[in-house]
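Here the protein sequences come in this chain order: A and B. At position 40 of the first sequence (counting the first as 1) the number is 40 in the numbering used here, and the numbers step up by one without a gap. At position 90 of the second sequence (counting the first as 1) the number is 90 in the numbering used here, and the numbers step up by one without a gap.
Derived by calculation from the structure, the hints in this document are not laboratory data. Among the clues, some could well be false.
Claimed, not checked - Pairwise CB distance ranges (calculated):
{"id": "1", "chain 1": "B", "residue 1": "Val130", "chain 2": "A", "residue 2": "Ile188", "range": "36 to 42 Å"}
{"id": "2", "chain 1": "B", "residue 1": "Leu309", "chain 2": "A", "residue 2": "Ala20", "range": "37 to 43 Å"}
{"id": "3", "chain 1": "B", "residue 1": "Phe189", "chain 2": "A", "residue 2": "Asp223", "range": "35 to 41 Å"}
Unchecked claim - Stretch by stretch, here's where chain A covers chain B in the computed footprint (C-beta under 8 Å, at least three residues):
{"id": "4", "segment": "141 to 154"}
{"id": "5", "segment": "191 to 201"}
{"id": "6", "segment": "279 to 290"}
Just so it is clear, CB atoms sit at the ideal spot from N, CA and C, and this is done for glycine as well.
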Amino acid sequence: MTSSRPFSWGNPLMYALALAVAAVSIAPVVYVIVGGFRTTPQIVADPAGLPDPWVWDNYQRVLTQSDFWSQAWNSAVVALGTTLGVVVLGLCAAYVLARYTFRGREALYTFFTLGLLFPAGAAILPLYLMLRDLDLTNSYYAVILPQVAFSLPITIVILRPFLTAIPRELEDAAAIDGTGRLGFLWRITLPLSKPALVTVGVLAFVASWNAFLLPLLVLSDVDLHTLPLGVQNFSSQYTSDTAGILAFTSLAMVPALLFFTLTEKQIVGGLQGAVKG
Amino acid sequence: MTRTLDLAGGASAPPAGPRRVRRSSTRAAETRRKWYEIIGLTTPAIAVYVMFVLVPMGFAVYYSLYRWRGVGPPTDFVGFDNYVLAFQDPIFLDALRNNAVIVVGSLLVQGPIALAVALLLNRRFRGRTVFRLLVFVPYVLAEVTVGIMWKLILTDGGTMDALLRSIGLGGLVQAWLADLDVVIWTLLFVLTWKYVGFAIILLLAGLSNVPHELTEAAAIDGAGWWQIQRHVTLPLLGPTIRIWMFLSMIGSLQVFDVIWVTSVPAVRSLGASATMATYMVDNGFFARLWGYGNAVAVILFVISFVAALLFQRFLLRRDIQGALTGRAN
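This is chain B alone, in the form it adopts within the complex:
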């Protein structure tokens, strides 16, 4: 996938664009000039990208092999001990399980809701713009704001409890954020609230690209609403759904902000509401176990990367290239 870049091979580059070239020396000068432009224009982006995305990734692997408190250069080489330790820590295994719950839960809950809403609202109606605006609000709010908002609403004896009691559902009242068995489901609910609007907007955008002629032709052929959705619209929506699934999965694997802000540290430290990312920051940054934290970072990275590649290989295929880069190519 990552072939080496050949930015220096100027001499063997294909001739430049549609310019009229009169002499071979001008052509050489022109080729050289083109390469100066290419290098000049792309170097800043490549440099920033390499420096702040790729280099840290490399350092994570290096640090993860040491027991290191973050002061001075790492010297206490421990091999893969940090990785072994992580997989032996029940809290980390809880975090892994929680990430799995969030990945699967987000797909299973948000997917059908978003699909139903998008299919039903896939037509022009009065107030559509306002509706789109309102549904998108949770997605645009900062994760921190959302977390604190729900923390206040879900606090013991708070608004949620009062509301449930007032409509006669007092029996449902839980210690939403303190009960070790409940908290992950509460967090899944908050995440759903935050991100389902994104799924709806994405699917509505995908639906607006489904040609009218097709659904109209199906209707003329006597297909009912359900049949049209099932056999015409849904298949055409496939790429959009798969892109949403992909984005949702990657987001769920690295989820941090909402979990960190909404859940109480004590509950998190028991594993009930930890995710890989919160576990990594808790142990690496705050407990200053830098080698260990970096090992967790590498695990998180490998899991995400493998999941992304598998998804690409089996589900996405060329959607990203074909759909993300549009028709222009």
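Bound conformation, chain A alone:
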């Protein structure tokens, strides 16, 4: 590829720039992870130093004494529930919008895409009041259901063209074999659209895993707290335990970083799909 490009000059500059950008991106993250291996007195004495000696105590403490595991569990349940809900509801709606001809179809599509135009967070106060009146606060549903709703517009926008692109001939062939539209959705569309489903699923999962404002309002029960709430609480509860905060924050990053490394292609692919034009 490189050889077919007209411009090969500027390579050292390019590498220097790439390195600089990458360094700025991850230096603070590395600092937090490494800082977790120091003691608070070490950090106070020399804020920018390296661990000397390296101590495992902070990480051990967070993993054994804090609510880290229960919060990670809550985050996982909420994120998986959200992902499942978004994928199922989004696929059904996008399938209809892509493969049925009916009056009001474009209006329905516009109706969903309107959700992309304004911040769903603006309605967080009445949303909280509504969930409170429905007696849903302090349950997983209080986070899962609104998050499914927030993610539906982008999901439908990504899925619809994908489903439209499935050749008509396939559907005709399936019809001749006696498979109706619903059977086509289940037996042909579902397996064929796996890449797009993975993309929207990953986007919904990450959004849910990182969500803060909605859980902050609707989950006052400490036992239901998700990781972002846990990190925030830990840091304001033990303000003087800098090393502990660093360790807790690092551990909270690990699942997101792992998950991201595994699914980077899908996330970037999804964005790529989103700006294709």
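Since chain A is already given, all that's left is putting chain B on it; use the hints.
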């Protein structure tokens, strides 16, 4: 824009797909069946979307007209007083100004950086995958994690100060998060760090869609690197840039998490680091001024919506439809 939905008009619907229809009664049955499928498949999504996005929005307008502490039904009708109060509160005006700083600052700082980096890196090079992975890390981390991380680094006498002193720039040291005049710029820096990677990846994705043939043809015609970027690549990148600007603007208007976690409540309550969203949650949820908080929510919503529509009208035009929905249509 929102025409009413006609989901019930089954009788007048156009005939279904390519099926071979033999008798008119089968056709009617088929049409009915199609409508059952349409309604069955879309109702769950519509219900969740209406219930958790649209209905709360309506309630916000209703509550905003009352003075209400959130207990029992609202009875103390005050008309538009809450809105007037908001625009008379200097803290809210500070929040508005801060949102403006973040919207404009994000566009002016992240845009050029991301564009420069993306243009220079728009070629295959060894380690490109790893680079992409690293640059994307800040975007994937939770806002809360990022906020606490920077709070620790920027604390008085913390790592940032030590680093600046060690390279002889001790004179630059500030009370990053406590100085009322400095804190908004510190927060803008943290937001830039968090989101510039997203802009870079988006632009790189857009660049990978620019056909080689065009840049090669320009090169054969004797155009230099700059000329090619300026006259071939940039115009083709237009839709991607505008979509990024749009997403950045909407995100900046509703920014909450990073601000909430990074800035100290005392500084926020003085307005120095408040945004519309933090002001809304502080006053509505925590101070239990529900009517007032909902008025702020409506203001935030109207500002975002108008900004989005204006942007669509004048800049985005059909980008969203054309670009977001791709070539398949």
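Hints and how they fare:
1. Look at Val130/B against Ile188/A: about 38 Å separates their beta carbons, and that is inside 36 to 42 Å.
2. For the pair Leu309/B and Ala20/A, the beta carbons lie near 39 Å from each other, so the given range of 37 to 43 Å is met.
3. Between Phe189/B and Asp223/A, the C-beta spacing of about 36 Å keeps the proposed range 35 to 41 Å intact.
4. Only when three residues or more bring their CB closer than 8 Å to a CB of chain A does the claim for the segment 141 to 154 of chain B stand; here the count is 11, and the claim holds.
5. Beta-carbon proximity to chain A at under 8 Å applies to 4 residues in the segment 191 to 201 of chain B; the threshold of 3 is reached and the given coverage holds.
6. Evaluation of the coverage hint for the segment 279 to 290 of chain B: fulfilled, as 5 residues show C-beta separations to chain A shorter than 8 Å, against a requirement of three.
Consistency note: the structure conflicts with none of the earlier hints.
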